[in-house]
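Chains as they are written, first to last, in my numbering: chain A, 1 to 331; chain B, 1 to 536; chain C, 1 to 308; chain D, 1 to 588.
Since the hints were made in silico from the structure, they are not lab data.
Accuracy of the hints is not assured; some may be wrong.
[To be verified] In the SDA-like style, the derived pairs of lysine to any residue whose C-alpha atoms are separated by at most 20 Å in a straight line are: (1) 16(B) x 182(B); (2) 140(A) x 560(D); (3) 80(C) x 60(C); (4) 358(B) x 227(B); (5) 491(B) x 464(B); (6) 140(A) x 81(D); (7) 140(A) x 490(D); (8) 402(B) x 54(C); (9) 140(A) x 227(A); (10) 139(B) x 84(A); (11) 402(B) x 369(B); (12) 402(B) x 56(C); (13) 140(A) x 25(C); (14) 275(B) x 64(C); (15) 246(A) x 84(A); (16) 140(A) x 303(C); (17) 246(A) x 64(D); (18) 246(A) x 122(D); (19) 140(A) x 233(D); (20) 275(B) x 65(C); (21) 402(B) x 25(C); (22) 87(B) x 218(B); (23) 246(A) x 323(D); (24) 140(A) x 23(C); (25) 140(A) x 112(D); (26) 16(B) x 275(B).
As the structure is a prediction and not an experimental result, all values here were calculated from the model.
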Amino acid sequence: MRLARFIGGRLAATVIVLLVVGLATYAVFYLLPTDPAQLSCGRPCTPQNLATARAFMGFDHPWIEQYLQFIAGIFTGRTFGSGVTAIHCPAPCFGYSFQQNETVLSLIASRLPVTASLAIGASIIWLVLGVAVGVLSALKRGSPIDRITMAGAVAGVSAPAYVIGLIAILIFGLTLNIVPDNGYVPLTTSPVGWLWHLITPWLVLAFLQAATYARLTRTQMLDVLGEDFIRTARAKGLAERNVVGKHALRNVLLPVVTVFGLDLGSVLGGAILTETVFSMPGLGQLLITAVHRTDLPLLMGCTLFAAFVIVLANFLVDLLYGVLDPRARLT
Amino acid sequence: NANPSPSTSASNTTSKPGGTLYVLDDNSSNHFDPAQSQSLATTTSGLVHRRLTNWDLSGPTATLVADLATDTGKTSDNGTTWTFTLKDGLAFSDGSPITSADLKWGIERTFDPAFSQGLSYHKTLLAGGTTYTGPFSGKSLDSIETPDAKTIVFRLARPYGDWPWIVSLVTLSPVPQGKGTNAAYDTAPITSGPYQVASYQSGTQATLTRNPHWQKSTDSVRTALPDKVIFQLSQDDSVISQRLIADSGNDQSGFGYSFVDPAQLAQLVNNPSAKSRLVTSQAGAVEYLALNTQRGPLANLAVRKAFQYAVNRASFQVASAGTPALAGPVASTLITPGISGRQAYDLYPTNAAGDPAKAKQLLAQAGFPDGLSGLTLLVSTSNNGANLAQAVAASLAQANIKVTIQPQDDDTFISNVTGNQGNYDLALTSWQPDFPSANANIQPLYQSSQIGNGGFNLSRYSNDEVDAMIADAQATVDPTQAGTKWAAVDKRIMQDAPIVPLIYTRNSFLHGSKVDNVQVPDFPAYPNYLTLGISQ
Amino acid sequence: MAAVPSPSAPRSLPAALVRTIRTDRWALAGAITVVVLVFLAVAAPLLAAVEGQDPYTYDLSVLDPNSGLPTGHLGGVSGKHWFGVEPLTGRDLFTIVCYGARTSFLIGVAATIVSVVVGALLGITAGYLGAWFDRGITWLTDVLLGFPYLVFMIALGAIAPAGIPRPLLLIGVIGFFGWPRITRIVRSQTLSLRGRTFVSAARAMGARPWQVYRTELLPNLWAPIIVVATLNIPVNIGFEAALSFLGAGIPPPTPSWGQTISTASDWIRTDPMFLIFPGVALFLATWSFNVFGDGLRDALDPRLAVRR
Amino acid sequence: MSEAELLSVAGVSVTFATDAGAAPAAIEVSYSIAAGEVLAVVGESGSGKTVTAMSLLRLLPPTATVTGAAFLNGTNLFELDHERLREIRGGRVGFVFQEPMTALNPVFTIGAQLAEAITAHRRVSSGQARARAGELLELVGLPDPARVLRSYPHELSGGQLQRVVIAMAVANEPELLIADEPTTALDVTVQAGILELLRDLRSRLGAGILLITHDMGVVADLADRVAVMRAGRVVEQGSVTELFAHPRHDYTRQLLDSVISLPGTVAPPPAEDDPATLIERGDQIAVVGHPATRSVRDDPTAEAALRITDLSVVYGGRLRSFSLRAVDRVSVHIEPGEVLGLVGESGSGKTTLASAIVGLATPTSGLIELDGADLPTLRGRSRRAALRRIGVVFQDPGSSLNPRASIGASIAQPLRLHSELRGARLNQRVRELLDSVALPADLNNRFPHELSGGQRQRVAIARAIALRPALLIADEPTSALDVSVQARVLELLRSLQTELRFACLFISHDLAVIEQVAGRVAVMHRGHIVEQGPADAVLTAPLHPYTHLLVTSAPVADPADQRRRRVAWRAAELSVRAGSAPRQPGDQ
Ligand SMILES: Nc1ncnc2c1ncn2[C@@H]1O[C@H](COP(=O)(O)OP(=O)(O)OP(=O)(O)O)[C@@H](O)[C@H]1O
Ligand SMILES: Nc1ncnc2c1ncn2[C@@H]1O[C@H](COP(=O)(O)OP(=O)(O)OP(=O)(O)O)[C@@H](O)[C@H]1O
Ligand SMILES: [Mg+2]
Ligand SMILES: [Mg+2]
């Protein structure tokens, strides 16, 4: 059946995407002048130490070979070193971070909830907010509301995320003292605390992202509102709320959900700045650490995971097209 | 007292034991496995691990004191064989007694590639160390002898006067024999210090609680006042500062792990309360501009001398902390203040603002009447290096020396400057010695063996005479003798002007109102965790 | 009346531009702002000369000796320094902003153009042709979106041959990583257009694909394209700043808005003006492009073409 | 205005702001409808019928300025607040839009949109609403309502959509029904059914009906009074008999004169019930059995311009929905210079057949040969070359024009694509074309949405003939044209015909028009061609029952005569219905 084949094809493609991204990561990484072994060599670093460290971490093979080992590891698991001190990384092994002394998989698993909480919460806010504002300014085209929301949106995109976050902390966290100024509490430990810690990051992230949605919705809305079927909807005696909120909106959503897929995907891969400012131990921070400490295995893990989420999001969006607009059905 | 800084007043209020100390840390993880730790003897790891010797930072210069050992070590043969004896009544956090065998094991363990990230000065010094690969394969390192449970003897490959300093490094802490086989040890070590790791979530928080088996009586360096120490990990620098300035809730008994950056310092100027909780060292690591002595014009001594005058240290001070008072004094020596044996001198006297005219003139004499151009200046983007580099570049421009700045990600920078090509002209960086000896200040940076291969001889300075002097000084056991020798090396090197010393960087730290006795000595220019207290 | 489209041509972009300027006050304001900013950039040396400053020389005399902050109010705004000076260095902020405009405009706009052109073309093609081509493009976008560009940039900073001028490199790189997003947006819209009768009609008339793009699809895609394009500019400017922090950006001391802003971010408490001047400049740039984009969009939309 | 009046329109004027300045569309229009009365508004295409009607419910775009007053039971519609207006829209006043194909939201199913029309005015569960929607579809005579409810607009035929729109308008049994060209896309049998429905609405509920139409037959059939519009003004009003008998205004006269209709008498089909055989009479040939299960054979001559052999088009079903044979093993051909009229039931596959020829629907089997070359298999240059020689008028002119291209541009498009004409000479040609379809040159810069239905349709025609095609495919090209303009267009076609000798596939529901233009006629029913032969033969002496039904159902433009025909038709219709269980077009 058509749909099944479509999905199958996409999944296959996804796997290839991941393979390629992984390969790219390795390749790029070896373009860097940095030597990961150097960092776990200690100071002062004698050539012998360097050599042993390199061998132990498995960096002594050509990178393409290492990549293959990495792939193999996913299915067979891996062991680094030998004897009692050997480090085991059970299948599926996405590498082992020698600097964090933990398997990449467990690291990512431990950070995912944070980023997920952040991303999902924020994305809902920015979607609703953005679209609502967009619709509003479309209906009130040229009015002060339109101009103001536009200015707001522009501020959102052009303001440096870091500053917004800092200001938010200064105001809500330190001055008014109504929300915690940083950190993260797992939902399981305390739902209230979870919400409380996330509320500011959510709003900040949403503010930074909402612009695209507001502007896209607005412009598309203006297009659709002129269509004949809107007239029909009115002639049916539908309340304006339904005419706009249902008939028009549905015709606007295609590009909007597309952007949503892209943004959600990338934020789920790690909202670096927000996580840093609010010191939330999420994937973004993990990634940054990996980059700054040239922790290749961790880098691999983070990159692959991010890629996976993005591809997945895009895929779901593509499936959604058909639902939103039968003419755009891809299957 | 070393630092007449606001905090010393606080240090006088003798604070009682108890309370929880919060460390606001911008790192995302901590190493508690001694073998993997590179931290200073007096910071994080110092709270959980003890070594044979330790540092006393209360004086103007750091001095060596006994910790687990009864004394700071004896050598029978001018520094090749060193013998230490353990105190009585020492115990690990698991209750087992600390024996010389545990110490041996702990040190041997550092040779295993799985745990080789820590400081490794000892690996080349101990006889047979270069080929030894750790105890887990069953082999032991014969150059460490434990005639009895209390005595430990080290045989070195060559005479080395600073060995007592080496054994003060966190890496050489005891580990119960046979323990610490796997990575888990990093987050749940068996400790000898006053604290043990109660819980550790990477990226979030590490909690230290008291080690019931540690006895104050056996420990002269640690006051161990707080009941609990909590490291809040991966915090954002500016946020840390803002929290400490706000000084509310737990932050009152917290302090910032990392330097307060210029912007925040400026914020403190008219905030007396916060200002009173800022501690600034009197000196610190030397910030310097390395001149690649193997590149074009820079190979020419006269040119290098010209640099000494060209640089405007005043604007550098401002660029690094807004005011000289916070930035640190102008530097002229290689050995930093706070290290015994240092002799102050200045071979190239000039005022802080530099002397472009003289620089030009020197360049002209050196055969570059219309200055230099196209020099590359490497700098790490971390710790606003790029801005500092701009200050330097701007002042050099005054003397017709045109440089192009190449800011690089920290790792890239390190591997470029410590790599073998050395395709750069200038590099801007600073050096924090690993232990308070002139040796650690000079040898890693100027011995010809340290060029490339990950060595930190950034100016690629190679001078046999100097190498010889260094070897001789290292072999000297008597501290004062050694001191004078090192001072001589210092001067000798500066005659060749391989670097331009800029400032002895002062580090500033903020702390909450309840944190007592925050001392930031000249060396190491970090708060001494071991003596911090919380006022109830 | 130039505003009215020539008889047998679709409402063309140039015509629309003229019309926008004429009819839409706000769009006009936007256009003027753009012009002013561009003037700032182009005439930077001139303006600097007029003010008698340059963005490079340090001047400690205008700094407060016990904080490094600018002396005087509003970050040291004065006849000598119109926007005040930079803390810690005493460099003139006005000239920094002017010269910064050069870098940032060049990179922000040029990179945007690159990614919009590439993105729109591939997006339309993928959406319209569908089938294997669409699958190919989708796959490619997925790869690029998942690409570890953070490391890539560092690597770039470390190994980029000095031969290539940095701005060019940045435009290329930023533009390159920018297109997949635009492609996906344009594609999504094309997918629903593809099924419309007038597109089929064109096909039935024997129009080549590119003719369909030009006359049928593109005119109906301007609206979203304009939006994403205008919103892309500040993002790219910020991107440049991020890159320079990874060592892959425009090397200092060459000023750029992005870098100035990210430095100034730390000073938000102590010297807000340091952030506000370049910040407002960036805001204005974005804003102007957006309002102008809106005006353009309206001018291109026959249904709204006539103002009420 | 007297209290009896249900609706009274008092001096309504509508002016549009366009690029070229203000364009008056309706000027001082006044008419009124009493309860239970049908007012037919006829008149020139572009004369303001639709605009006036829309202004009543305030449905015009913001570029329109409306003056005057319109009273519904004494309340002025122009002064109502939004909530009250909302109640009236779709509740007390139903509206059937002229162009059904653009009137429905492409992203919602028919079911959803119908149900919504009900729930907007009644407190009913969504279940009940859907059930009611089903009934409504039955009411408007749509086969297999279940499928239609599930379908999206683009999956339905023009006539099916039109019936959906009608169902939507009558959903809440309105007091006033405004029906703008409600039957243009319907074959006469279905049309007759719809007219029945309207009549019932009037008699049962005493609803008033404002009927805008070009079909004088329909007027004669349904209307009590008639208003004639021209150039934005009402030029004449009167009772239907009155006006048909002695038209006063000469435009009215001209209108009535240009009315064409079939020759009166129709011979009944011969009784024959062996489905295996074909009945032949001269060139006329038909299948036996109703509903038919196969198509008649086709014996093309050598130099046929277009030859279609055993063509089938199957619309693949979406998830869980069955596939549908819209065209089932059909064979036809068209000689050069010949016009083949294609008539048949709404939804029988005419448009599908047409779109298969121009490659918009992919044939599942069969050949489509243009001068010997099989179109679907052609690629690239040769394909474009072939298409260059085909002109198409789509059934739905509205959506076949690029909303962002000016009329001029749309007409110029084929010329730009396939000719060297540019600049002034191009504009010149465009003007000629506009003129040839009786459109003023100043529409050149307008955009599609700024035109009337008929004007759009003529634009589509102009575009189709721009390149003097060798094959013209015209799908309902005159459905929205008033008889006088229609006459001109047919004249145009005929002249081009003689001049260029192009072949033409002429799809229409208006048998009279077919009779005028077509040499041969093919009759489609549920995906099959059930009969074909010389036009006059087929239309006067049909061989297939469906054809017969078709011919007898066609209304004539004479009130009295039409009343008689209606009675006859009812009888015939019943008999046929009895003969055929309602069955989905060729699903197997
Ligand atoms: N939105 C608009 N803007 C400008 N002019 C318009 C607009 N809509 C309609 N017109 C013009 O108003 C006039 C009346 O249009 P209307 O649709 O009422 O004609 P009509 O009588 O319905 O013709 P037809 O029988 O062809 O549908 C036409 O000349 C048309 O060009
Ligand atoms: N895209 C589609 N998907 C599924 N079914 C379709 C599609 N298009 C048309 N159909 C169905 O195919 C049948 C034939 O449609 P077609 O448009 O050819 O009818 P038609 O003869 O043109 O009718 P009308 O005279 O009303 O225009 C109809 O039942 C219609 O519902
Ligand atoms: Mg009309
Ligand atoms: Mg049709």
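Against the structure, the hints come out as follows:
For the hint linking residue 16(B) to residue 182(B), the alpha-carbon distance of about 38 Å lies beyond 20 Å, and the restraint is violated. Only pairs whose Cα atoms come within 20 Å are accepted, and residue 140(A) paired with residue 560(D) is rejected, the gap being roughly 55 Å. In summary, the hint linking residue 80(C) to residue 60(C) is supported, as the alpha carbons are separated by about 14 Å, within the 20 Å threshold. As the CA atoms of residue 358(B) and residue 227(B) are separated by approximately 59 Å, the hinted pair breaks the 20 Å bound.
For the hint pairing residue 491(B) with residue 464(B), the CA-to-CA distance comes to about 15 Å; that is within 20 Å, so the pair holds. Restraint check for residue 140(A) and residue 81(D): satisfied, since their Cα atoms lie roughly 19 Å apart, inside the 20 Å limit. Restraint check for residue 140(A) and residue 490(D): not satisfied, since their Cα atoms lie roughly 47 Å apart, outside the 20 Å limit. Between residue 402(B) and residue 54(C) the alpha-carbon distance is near 17 Å, which keeps this suggested pair within the 20 Å criterion.
This hinted pair checks out: residue 140(A) and residue 227(A) have alpha carbons roughly 18 Å apart, not beyond 20 Å. For the hint linking residue 139(B) to residue 84(A), the alpha-carbon distance of about 13 Å falls within 20 Å, and the restraint holds. Between residue 402(B) and residue 369(B) the CA atoms are separated by roughly 14 Å; this keeps the pair inside 20 Å, and the hint holds. Straight-line distance between C-alpha atoms of residue 402(B) and residue 56(C) comes to about 13 Å, which keeps the hinted pair within the 20 Å bound.
Simply put, residue 140(A) and residue 25(C) have alpha-carbon atoms about 17 Å apart, close enough for the 20 Å limit, and the pair holds. Our distance criterion of 20 Å between C-alpha atoms is met by residue 275(B) and residue 64(C), whose separation comes to about 17 Å. Of the supplied pair hints, the one linking residue 246(A) and residue 84(A) is violated, its CA atoms being roughly 65 Å apart against a limit of 20 Å. For the hint linking residue 140(A) to residue 303(C), the alpha-carbon distance of about 16 Å falls within 20 Å, and the restraint holds.
Of the supplied pair hints, the one linking residue 246(A) and residue 64(D) is violated, its CA atoms being roughly 25 Å apart against a limit of 20 Å. Straight-line distance between C-alpha atoms of residue 246(A) and residue 122(D) comes to about 19 Å, which keeps the hinted pair within the 20 Å bound. Proposed proximity of residue 140(A) and residue 233(D) is contradicted: the alpha carbons are some 35 Å apart, above 20 Å. Taking the CA atoms of residue 275(B) and residue 65(C), the gap is about 17 Å. The hint holds against a cut of 20 Å.
At most 20 Å may separate the alpha-carbon atoms for a hinted pair to count; residue 402(B) and residue 25(C) exceed this at roughly 49 Å. For the given pair, residue 87(B) sits about 7 Å from residue 218(B) by alpha-carbon distance, which is consistent with the 20 Å threshold. Proximity of residue 246(A) to residue 323(D) is assessed by CA-CA distance (about 30 Å); at most 20 Å being required, the pair is judged violated. A hinted pair counts as satisfied when its Cα atoms are at most 20 Å apart, and residue 140(A) with residue 23(C) qualifies at roughly 19 Å.
Restraint check for residue 140(A) and residue 112(D): the C-alpha separation of about 29 Å exceeds 20 Å, so the hint is violated. For the proposed pair residue 16(B) and residue 275(B), the alpha carbon gap of about 24 Å is over 20 Å, so the pair is violated.
When the structure is compared with the earlier hints, violations turn up for hints 1, 2, 4, 7, 15, 17, 19, 21, 23, 25 and 26 and for no others.
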